[in-house]
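From first to last, the protein sequence lines are chains A and B.
UniProt numbering applies: residue 1 is where the first sequence begins, and numbers increase by one.
UniProt numbering applies: residue 1 is where the second sequence begins, and numbers increase by one.
Warning: the hint list may mix true and false statements.
Identical copies carry no separate label here, and so any pair may be met within one copy or between two of them.
[Claimed, not checked] Quick list of in silico lysine to aspartate or glutamate cross-link-like pairs, DMTMM-like style, CA-CA up to 20 Å:
1. Lys23 - Glu85
2. Lys23 - Asp60
3. Lys23 - Glu82
4. Lys11 - Asp108
5. Lys23 - Asp89
6. Lys15 - Glu43
7. Lys15 - Asp89
8. Lys23 - Asp53
Calculated from the structure, these hints are not laboratory results.
There are 2 protein chains.
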Amino acid sequence: MRPFIGTYENKVDQKGRVSVPAKFRAVLQAEGYASIVVRPDPERGCIEGYGMDRLERLSDMTPDIVNLGDPNAAPAYQILAESEELTFDPNGRVLIPAWMLEAAGISDSAVFVGLGRVFQIWNPAAHATFRATQLRPAAQARGTGA
Amino acid sequence: MRPFIGTYENKVDQKGRVSVPAKFRAVLQAEGYASIVVRPDPERGCIEGYGMDRLERLSDMTPDIVNLGDPNAAPAYQILAESEELTFDPNGRVLIPAWMLEAAGISDSAVFVGLGRVFQIWNPAAHATFRATQLRPAAQARGTGA
DNA sequence: CGCTTTCCCATGAGATACCATGCCTCGTCC
DNA sequence: GGACGAGGCATGGTATCTCATGGGAAAGCG
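Input sequences plus hints: build the corresponding full structure.
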């Protein structure tokens with residue numbers, strides 16, 4: 001599978017519609033999917049996106065009889081319960097649910113960040129902060145400025 | 001098989017009718033079924049739902065004459081015995097038996113939770129409690145606040 | 001004959017598809 | 001090398017359709 005790469009900032013209109021970057025769409029359509037799957041990422045405060053194949057794999061790994069007493073089952077439960085499949089409209093846009101936009105603090109603009117097998121959707125300001133606090137120190141430790 | 005994903009809250013009217021989320025119906029109809037199969041889940045206090053294909057798989061695995069002494073047969077026996085098939089009305093609703101609603105504490109509203117191959121139907125308040133007590137601690141253990 | 005259950009219709013809200021516009025990028029021609 | 005032109009992509013608005021939900025009528029059962 002081709003990786004998701006690059007960073008793009010697109011507008012979010014009042015209905016919650018966003019254009020998925022064409023490069024990302026190309027990756028998914030090469031796999032035969034006309035949708036993205038998204039879920040909130042509470043650890044980082046953004047939205048995580050990927051293809052349906054990733055979710056189907058997770059579903060297949062989860063036993064028929066969900067044993068929620070198993071602590072290992074809780075993360076899978078949460079991912080499946082909180083994921084939503086968003087299909088592209090004819091122009092390549094998706095409608096992100098309002099509650100998910102709120103969870104990520106996204107209002108009128110969103111940043112798509114390719115991370116290989118998955119990608120993220122950020123509030124632009126939050127993403128800038130994340131880069132400054134989480135990524136730049138690591139880069140500086142390696143001796144690179146930015 | 002496409003997985004059941006996402007969380008939806010729908011109204012239960014005075015007759016016990018509930019709209020099955022359209023996304024869930026689409027999964028079942030892709031399999032050729034116009035119904036859901038439900039059974040009470042006494043361990044968690046909710047209703048468990050799935051497609052008839054799952055029951056057929058269980059039935060195939062179960063011997064003609066159920067040997068109740070076999071501990072492996074007991075879960076399949078119980079699931080088969082307690083399951084009810086609920087067919088969609090023309091609008092995509094099902095009529096949940098009153099006793100099952102009572103067992104799950106559901107009165108005027110129900111939460112559908114997709115879990116891949118199966119889904120759950122909860123009393124909204126009970127589901128909120130379940131998420132707070134069973135899922136959030138797991139997330140906090142990983143270092144996340146919410 | 002009354003009651004319960006099932007089917008059908010109507011309505012409003014929300015989501016989806018469609019159409020149109022402008023910008024930016026890339027390719028081509030002069 | 002610069003200007004022009006074409007195509008793709010992002011974006012905004014509008015129309016259509018699906019879905020969820022409530023009520024009512026008809027049929028089956030006790």
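We went through each hint and held it up to the structure:
1. With identical chains, the CA atoms of Lys23 and Glu85 are at most 20 Å apart both within one copy (19 Å) and between copies (9 Å).
2. In this assembly of identical chains, the alpha carbons of Lys23 and Asp60 lie at most 20 Å apart only when taken from different copies (19 Å versus 28 Å within one copy).
3. Taking CA atoms no more than 20 Å apart as the test, Lys23 paired with Glu82 passes between copies only; the shortest distance there is 14 Å, against 25 Å inside one copy.
4. When the C-alpha separation of Lys11 and Asp108 is checked against a cutoff of 20 Å, the pair qualifies only within one copy, where the shortest distance is 6 Å, while the shortest distance between copies is 32 Å.
5. In the homo-oligomer, the alpha carbons of Lys23 and Asp89 lie at most 20 Å apart both inside one protomer (16 Å) and across protomers (17 Å), since each shortest distance falls under that limit.
6. In this assembly of identical chains, the alpha carbons of Lys15 and Glu43 never lie at most 20 Å apart, being 26 Å within a copy and 40 Å across copies at closest.
7. Taking the closest pair of Cα atoms, Lys15 and Asp89 come within 20 Å of each other only inside a single copy of the chain (13 Å); across copies the shortest separation is 31 Å, beyond that limit.
8. In the homo-oligomer, the alpha carbons of Lys23 and Asp53 lie at most 20 Å apart both inside one protomer (17 Å) and across protomers (17 Å), since each shortest distance falls under that limit.
Checked against the numbered hints given earlier, the structure breaks only hint 6 and satisfies all the rest.
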